[in-house]
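*Asks:* We have chain A; now place chains B, C and D onto it with these hints.
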Amino acid sequence: MTPIVRIQAQDFDVAAEIAALGGGRRDIGAVVTFTGLCRDEGGRLAALELEHYPGMAEAELGRVVEEARARWPLQGVTVIHRYGRVLPGQNIVLVVAASAHRRAAFEAAEFLMDYLKTRAPFWKREHLTDGSMGAWVEAKEADDAAAGRWAPPG
Amino acid sequence: MTPIVRIQAQDFDVAAEIAALGGGRRDIGAVVTFTGLCRDEGGRLAALELEHYPGMAEAELGRVVEEARARWPLQGVTVIHRYGRVLPGQNIVLVVAASAHRRAAFEAAEFLMDYLKTRAPFWKREHLTDGSMGAWVEAKEADDAAAGRWAPPG
Amino acid sequence: MRVKLVYFAWVRERVGRPDEEVDLPDGVATVADLVRWLKGRGEEYDYAFENEAVVRAAIDHSHVKPDAAIAGAREIAFFPPMTGG
Amino acid sequence: MRVKLVYFAWVRERVGRPDEEVDLPDGVATVADLVRWLKGRGEEYDYAFENEAVVRAAIDHSHVKPDAAIAGAREIAFFPPMTGG
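Residue numbers (my numbering), protein chains in the order written: chain A, 1 to 154; chain B, 1001 to 1154; chain C, 2001 to 2085; chain D, 3001 to 3085.
By construction, these hints were calculated from the structure, which means they are not laboratory data.
One or more hints might be untrue.
[What the hints assert, rightly or not] Calculated cross-link-like contacts (lysine to any residue; reagent style SDA-like; alpha-carbon spacing at most 25 Å):
1. LYS2039/C x PRO2025/C
2. LYS1140/B x GLU1126/B
3. LYS3004/D x GLU3075/D
4. LYS2065/C x GLU1067/B
5. LYS2004/C x TYR1083/B
6. LYS140/A x TYR83/A
7. LYS2004/C x ILE2059/C
8. LYS3004/D x GLU58/A
9. LYS140/A x VAL3054/D
10. LYS2004/C x ALA1057/B
11. LYS1140/B x PRO73/A
12. LYS2039/C x TRP1136/B
13. LYS2004/C x GLY2016/C
14. LYS1140/B x LYS2004/C
15. LYS140/A x ALA100/A
16. LYS140/A x PHE3049/D
17. LYS2004/C x GLY1062/B
18. LYS2039/C x ALA2071/C
19. LYS3039/D x GLY3027/D
20. LYS3065/D x GLU107/A
21. LYS3004/D x LYS3039/D
22. LYS3039/D x VAL3022/D
23. LYS1140/B x ASN2051/C
24. LYS2004/C x VAL2064/C
25. LYS2004/C x ILE2076/C
26. LYS140/A x GLY43/A
27. LYS3065/D x ALA145/A
28. LYS2039/C x LEU2024/C
29. LYS1140/B x ALA100/A
30. LYS140/A x HIS1101/B
31. LYS3065/D x TRP150/A
32. LYS1140/B x GLN1075/B
33. LYS2004/C x ILE1007/B
34. LYS3004/D x PRO54/A
35. LYS3039/D x PHE3049/D
36. LYS1140/B x GLU2050/C
37. LYS1140/B x GLY1089/B
38. LYS3065/D x GLU51/A
Okay, chain A solo, but in the shape it has when bound (with noise of 0.2 Å):
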């Protein structure tokens, strides 16, 4: 099995990625995967600029999927993160996870997006509908609770 890392400013089509993934195995019994979008914050938001460290956010969400695969029995896994110019309603992230049972396919997607969220290296600003730029988004303590929540690899 090779996970399969993208970073890329285009969008992603999630049926392909499954498609993708399961390629014709017939021993993939679940399938799990997490779309992460762009909201309006109520209107507020008219898009989101994705900055993100070039080499550095490859590697560590290679490293990221490593550790899932240490932990999880896992028979595909695909991580896709978008950078640049994003509008309310599209994708941001893609994390697809299988494996033969539903458990180890939902707790490595979202153990996947956890990691991610505190370790791979982008950066959201806010631009407003107001015309004007707005702040970088800031990090939430609640993301680093719930990486944390996954212990050390036993």
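*Replies:* Same frame as chain A, now just chains B, C and D:
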């Protein structure tokens, strides 16, 4: 938000269901999908035959969906369960949960699957690659335990 | 009391039919009573309900426990533990 | 020691450039030493690192703590807590 609950013989398209659930909304931040597939069990299985209780299957899935909506702030929820003959590698069940934040979407999707497993009136029978009719699949204690870990709504 | 009984999966196979209409005598008040009454009707029922604790029941499309009252029921279903999903 | 420094998000904006090459004096052995040295270079660095505990660092594409040794580093990055996903 109108939940979608369908019991059908034909396959489903995950991307189309995500799109139908999103429907141009700009306030959804997280979409989690779970797809359950038929495994070939190491080449032993030719197909699964899914029997269901028409009428009760729809009613019970509807109740499970309402319970999820009462517990989490969902912006969309879809449950599709197939019946009839399903081949290895093909889809059996789809759950989609959309929310502003990822934790609610993940938890709701996992809850829906745990509850559906132990409460939706479906029964799987194996058809084997040697041409013989296999046994009815036995319910797993692990599934009861999984459903039991969701405490009653507070 | 007249009621429709429906059976699924191996309960259906053991009973030998998917459904039937039955006239219940007055003493049959709960799901457990009904199972006992059915087991007296023939060995196919005895076989289907040989391990009573395993067979699940539903009244009018809702899961019920063995002590559930069946008064007013239109359709009572018996089936093995579910294996969907 | 010559090393490339890269900055992201508001750290980049405050420093006023995305990257630079610097020659470090011998006493600068850790990330924390480097931050102290940078703050002595001008008010843009003082501003960028005004709350040192908030700014994160990476050496050659891996996250590191302030006490990490920088010997042998090719590229050292400074950035705010991440907000991807």
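*Asks:* Now look at each hint and say whether the structure bears it out.
*Replies:* Right, here's what the structure says about each hint:
no.: 1; hint: LYS2039/C x PRO2025/C; verdict: 14 Å, holds
no.: 2; hint: LYS1140/B x GLU1126/B; verdict: 16 Å, holds
no.: 3; hint: LYS3004/D x GLU3075/D; verdict: 5 Å, holds
no.: 4; hint: LYS2065/C x GLU1067/B; verdict: 20 Å, holds
no.: 5; hint: LYS2004/C x TYR1083/B; verdict: 23 Å, holds
no.: 6; hint: LYS140/A x TYR83/A; verdict: 20 Å, holds
no.: 7; hint: LYS2004/C x ILE2059/C; verdict: 10 Å, holds
no.: 8; hint: LYS3004/D x GLU58/A; verdict: 19 Å, holds
no.: 9; hint: LYS140/A x VAL3054/D; verdict: 13 Å, holds
no.: 10; hint: LYS2004/C x ALA1057/B; verdict: 18 Å, holds
no.: 11; hint: LYS1140/B x PRO73/A; verdict: 20 Å, holds
no.: 12; hint: LYS2039/C x TRP1136/B; verdict: 23 Å, holds
no.: 13; hint: LYS2004/C x GLY2016/C; verdict: 15 Å, holds
no.: 14; hint: LYS1140/B x LYS2004/C; verdict: 30 Å, violated
no.: 15; hint: LYS140/A x ALA100/A; verdict: 33 Å, violated
no.: 16; hint: LYS140/A x PHE3049/D; verdict: 20 Å, holds
no.: 17; hint: LYS2004/C x GLY1062/B; verdict: 23 Å, holds
no.: 18; hint: LYS2039/C x ALA2071/C; verdict: 20 Å, holds
no.: 19; hint: LYS3039/D x GLY3027/D; verdict: 15 Å, holds
no.: 20; hint: LYS3065/D x GLU107/A; verdict: 28 Å, violated
no.: 21; hint: LYS3004/D x LYS3039/D; verdict: 17 Å, holds
no.: 22; hint: LYS3039/D x VAL3022/D; verdict: 14 Å, holds
no.: 23; hint: LYS1140/B x ASN2051/C; verdict: 17 Å, holds
no.: 24; hint: LYS2004/C x VAL2064/C; verdict: 16 Å, holds
no.: 25; hint: LYS2004/C x ILE2076/C; verdict: 6 Å, holds
no.: 26; hint: LYS140/A x GLY43/A; verdict: 21 Å, holds
no.: 27; hint: LYS3065/D x ALA145/A; verdict: 19 Å, holds
no.: 28; hint: LYS2039/C x LEU2024/C; verdict: 13 Å, holds
no.: 29; hint: LYS1140/B x ALA100/A; verdict: 15 Å, holds
no.: 30; hint: LYS140/A x HIS1101/B; verdict: 12 Å, holds
no.: 31; hint: LYS3065/D x TRP150/A; verdict: 20 Å, holds
no.: 32; hint: LYS1140/B x GLN1075/B; verdict: 32 Å, violated
no.: 33; hint: LYS2004/C x ILE1007/B; verdict: 23 Å, holds
no.: 34; hint: LYS3004/D x PRO54/A; verdict: 15 Å, holds
no.: 35; hint: LYS3039/D x PHE3049/D; verdict: 7 Å, holds
no.: 36; hint: LYS1140/B x GLU2050/C; verdict: 20 Å, holds
no.: 37; hint: LYS1140/B x GLY1089/B; verdict: 22 Å, holds
no.: 38; hint: LYS3065/D x GLU51/A; verdict: 22 Å, holds
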